[in-house]
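Line order of the protein sequences matches chains A and B. Using the numbering used here, you'd call the opening residue of the first sequence number 1 and step up by one each time. Using the numbering used here, you'd call the opening residue of the second sequence number 1 and step up by one each time.
Honestly, the hints are just simulated from the structure, not real lab data. It cannot be assumed that every hint is accurate.
What the hints assert, rightly or not - Here are the in silico distance ranges between beta carbons for each label pair:
1. A:Gln160 with B:Tyr65: 43 to 53 Å
2. B:Val104 with A:Thr194: 47 to 57 Å
3. B:Leu79 with A:Glu542: 45 to 55 Å
4. B:Val59 with A:Ile19: 56 to 66 Å
5. B:Ile54 with A:Val126: 25 to 35 Å
6. A:Gly23 with B:Ala45: 23 to 33 Å
7. A:Gly506 with B:Ala107: 25 to 35 Å
8. A:Ser121 with B:Ile48: 44 to 54 Å
9. B:Ile54 with A:Ala115: 51 to 61 Å
10. A:Thr194 with B:Ala107: 49 to 59 Å
In this text, a Cβ means the ideal position worked out from N, Cα and C, and glycines have one as well.
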Amino acid sequence: MPQLTQQFSRMPRSRLLRIVVLGLFGIFTLRLFYIQVIQHGYYDEQAKASQVSKLTIAPERGKIYAHDGAGVVPLVLNETVYTVFADPSEVTDASKVTQVLKNVAGGNIVSDSLARLTDKSVRYIVLARQVSRTQAELIQKENVAGIGLQKGSRRVYPEQALAAQTLGYVNTEGTGQYGLEEALQARLVGTPGTLEAVTDVRRIPLTIGKDDARVEAKNGDNLVLSVDRNIQSKAEQVLRDGLANVRATKGSVLVMDPRSGHVLAMANFPTYDPSKYGDVQDYSVFQNAVVSAPYEAGSVMKTLTVGAGLDSGAVNTNTVFNDSSGCATVDDRKICNVEEDPRQANATMLTTLRYSLNTGVVFTLRQMGGGEVNRQARDTLYSYFHSHYRFGQLTGIEQAGETPGTIIAPDQQEGNNVRYANMAFGQGMDVTMIQAASAFSAAINGGRYYQPSLIDGTLGSDGSVSSVQPKVLAENTLSPAHSAELRDLIWQARKQGFFGPNDPEGYKIGGKTGTSQVIDPKTGKYSNDNSIGSYLGFGGAETPEYVIMVRVDDSKAGGYAGTTAAGPIFNTLSNWLLKYLNIEPMR
Amino acid sequence: MSYTTRRNNSGFSSRRERSWQRNQNTVAFAPRAAMGPITHTVLVALMIAVLGLIYLTQVTKTSFYGYTLNTQSEQMASLKAEQQDLQVENARLQALQRVKDSNVAKAMTEPKSVDYVN
Numbered sequence: 001m002p003q004l005t006q007q008f009s010r011m012p013r014s015r016l017l018r019i020v021v022l023g024l025f026g027i028f029t030l031r032l033f034y035i036q037v038i039q040h041g042y043y044d045e046q047a048k049a050s051q052v053s054k055l056t057i058a059p060e061r062g063k064i065y066a067h068d069g070a071g072v073v074p075l076v077l078n079e080t081v082y083t084v085f086a087d088p089s090e091v092t093d094a095s096k097v098t099q100v101l102k103n104v105a106g107g108n109i110v111s112d113s114l115a116r117l118t119d120k121s122v123r124y125i126v127l128a129r130q131v132s133r134t135q136a137e138l139i140q141k142e143n144v145a146g147i148g149l150q151k152g153s154r155r156v157y158p159e160q161a162l163a164a165q166t167l168g169y170v171n172t173e174g175t176g177q178y179g180l181e182e183a184l185q186a187r188l189v190g191t192p193g194t195l196e197a198v199t200d201v202r203r204i205p206l207t208i209g210k211d212d213a214r215v216e217a218k219n220g221d222n223l224v225l226s227v228d229r230n231i232q233s234k235a236e237q238v239l240r241d242g243l244a245n246v247r248a249t250k251g252s253v254l255v256m257d258p259r260s261g262h263v264l265a266m267a268n269f270p271t272y273d274p275s276k277y278g279d280v281q282d283y284s285v286f287q288n289a290v291v292s293a294p295y296e297a298g299s300v301m302k303t304l305t306v307g308a309g310l311d312s313g314a315v316n317t318n319t320v321f322n323d324s325s326g327c328a329t330v331d332d333r334k335i336c337n338v339e340e341d342p343r344q345a346n347a348t349m350l351t352t353l354r355y356s357l358n359t360g361v362v363f364t365l366r367q368m369g370g371g372e373v374n375r376q377a378r379d380t381l382y383s384y385f386h387s388h389y390r391f392g393q394l395t396g397i398e399q400a401g402e403t404p405g406t407i408i409a410p411d412q413q414e415g416n417n418v419r420y421a422n423m424a425f426g427q428g429m430d431v432t433m434i435q436a437a438s439a440f441s442a443a444i445n446g447g448r449y450y451q452p453s454l455i456d457g458t459l460g461s462d463g464s465v466s467s468v469q470p471k472v473l474a475e476n477t478l479s480p481a482h483s484a485e486l487r488d489l490i491w492q493a494r495k496q497g498f499f500g501p502n503d504p505e506g507y508k509i510g511g512k513t514g515t516s517q518v519i520d521p522k523t524g525k526y527s528n529d530n531s532i533g534s535y536l537g538f539g540g541a542e543t544p545e546y547v548i549m550v551r552v553d554d555s556k557a558g559g560y561a562g563t564t565a566a567g568p569i570f571n572t573l574s575n576w577l578l579k580y581l582n583i584e585p586m587r
Numbered sequence: 001m002s003y004t005t006r007r008n009n010s011g012f013s014s015r016r017e018r019s020w021q022r023n024q025n026t027v028a029f030a031p032r033a034a035m036g037p038i039t040h041t042v043l044v045a046l047m048i049a050v051l052g053l054i055y056l057t058q059v060t061k062t063s064f065y066g067y068t069l070n071t072q073s074e075q076m077a078s079l080k081a082e083q084q085d086l087q088v089e090n091a092r093l094q095a096l097q098r099v100k101d102s103n104v105a106k107a108m109t110e111p112k113s114v115d116y117v118n
């Protein structure tokens, strides 16, 4: 050891320095080798993590259009909006920020946000929301320190509240709520794209990365509804006026094309403006009652019971029954007609529909069971109601919150003879308007059950509409011959009835009223103070070209709400449709 | 007539001259100034610097394309937003309620009767 020290002390300084320098270089080389070669993967990942950004390219939500006669018009569009935010630690002049925002976006300022501008402990404050592009540009021009703009999009409704429940709305998270927006969220929202690239400090993508990748976003479908803007607007206006006339609080109208199952209008009252959904206090107005509020539709269902009777062979158009008592007994219950109805010894299916005879449909049910209301009769009626008319099942219409309604099967304890006698005239079972109108359409169009639909197709970039074919769910809901017989009966019944004499000449307008009692939730019994009036009918010349169903809740007009409240709405709309659709009268 | 040979008969002869053969040039021209190690190092450093500059120019140029692309994308987005605004404005102007409230619509009357021509 002393020898080694001696050797070093004798060594020239230059040589010693060389050894030290070389040694240091050796250490550096080894360290660099360790970092660059052995640890290459780790540092490569670290570098990528800090340099490469994965950016999402937001797709544009699909727009929604309606028909306007032969053309299409937008019902829902998108608009670019901005959120104005501040980083108080970067704000140098809070008073200027306040002044600029009040001048440019006074109505969009988030309450109390400006007061927090001096709080340096916070790094992010939203100052204003839903700021338009023009406002955003004005704010940007002011070049105020500490202020930023975040781009977003919002739905715009040029027709305001038109078809509000049918459309639904989109919440701040970009999720569709209620109506079409929720039901077709997946089709409307599109697919986000991605951009993976090396970015600078401002996250601006640079084109220097060999691993840069760009996947374009796929915008949502631009949907064209079968709804006609003019029919929808007229339906809403007629409904609003009709409800006001009878001082009713609530109602709905559905207009369908029985030849395709396409919905032409779906109106509800009360309604709301989807662009101001946040202001709504009563959330029930968001619901589309046409698809989500099943009810005992009452006597409008007699048309379908008679149709089932004709098709099953239980009755025919010449069948006569004795209705001189005006009542029928089923088990221990006596079912009677209303007092004003005539008591005839030779009542027919036509008089059953003409005078809305409960006894007539109970007779039809009885005939299904070979002369008595029994299991066979119940099975037959259930088969028609459930399997042919598809009650108790979702129709599959493009609406959120559709409910299947209730129909009690004959093998259940509650599915007894009395219930089925009630079901024959539309009590003791719940259906939605869309179910009733779809079944009615199938019963009068020759027997073809079309799946009700709101979608006509999609709008291409060239402005053309790619229509989708209507979906047939079943043929022979009724046989074509029995369908024609039923259609004729319904037409004749209206023609001879209260409304028929005022119908325009040369057209076949058919329909049936319904007034159903409502169960009082307090007593659990049918109340005489409240009822729901309905009207279900069709119109056209040789063949039906539209089906209208009207529902009026809580009418104060007196009489039977089906006749006094719902019927007039049907009449006004039907007469208007004959002109609007240019339906030529029969000669 | 005189005749001289190229052979040198003096005492000293170089290696080249010693290995002289016919038709071979015996004169070699060497540069007077030779490059030393420092010059070599400086030149190599300069070459590396030039190469580095070229590389940096290319990289900057490519990065610049990124900024150009970004600017153009922003312009596109801005124009798209403007187009959206115009679409919305157009739709609002043609909205049914607005049309109904127009003076032209208010002046319209319901036809008393409609006849169809076949």
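Could you check the hint for me, namely that Val59 (chain B) and Ile19 (chain A) are 56 to 66 Å apart, CB to CB? Violated - the Cβ-Cβ distance for Val59 (chain B) and Ile19 (chain A), about 40 Å, lies outside 56 to 66 Å.
Per the hint of 51 to 61 Å, is the separation of the Cβ atoms of Ile54 (chain B) and Ala115 (chain A) within bounds? holds, 57 Å
For the range 47 to 57 Å, tell me whether the beta carbons of Val104 (chain B) and Thr194 (chain A) fit it or not. At roughly 50 Å between Cβ atoms, Thr194 (chain A) and Val104 (chain B) fall inside 47 to 57 Å, so the hint holds.
Quick one: are Gly506 (chain A) and Ala107 (chain B) within 25 to 35 Å, going by C-beta? holds, 30 Å
Just tell me: holds or violated, for the beta carbon distance of Ser121 (chain A) and Ile48 (chain B) against 44 to 54 Å? holds, 51 Å
Range first: 23 to 33 Å. Now tell me if the beta carbons of Gly23 (chain A) and Ala45 (chain B) are that far apart. holds, 25 Å
For the pair Ile54 (chain B) and Val126 (chain A), does the Cβ-Cβ distance stay inside 25 to 35 Å? Given a distance of about 49 Å, which is not inside 25 to 35 Å, the answer is violated.
Mind checking the hinted window 43 to 53 Å against the Cβ distance between Gln160 (chain A) and Tyr65 (chain B)? Holds - the Cβ-Cβ distance for Gln160 (chain A) and Tyr65 (chain B), about 46 Å, lies within 43 to 53 Å.
Verdict for Leu79 (chain B), Glu542 (chain A) (Cβ pair) under range 45 to 55 Å: holds, 53 Å
Confirm or reject the claim that Thr194 (chain A) and Ala107 (chain B) have a C-beta distance inside 49 to 59 Å. holds, 56 Å
In terms of the numbered hints stated before, the structure departs from hints 4 and 5, listed from lowest to highest.
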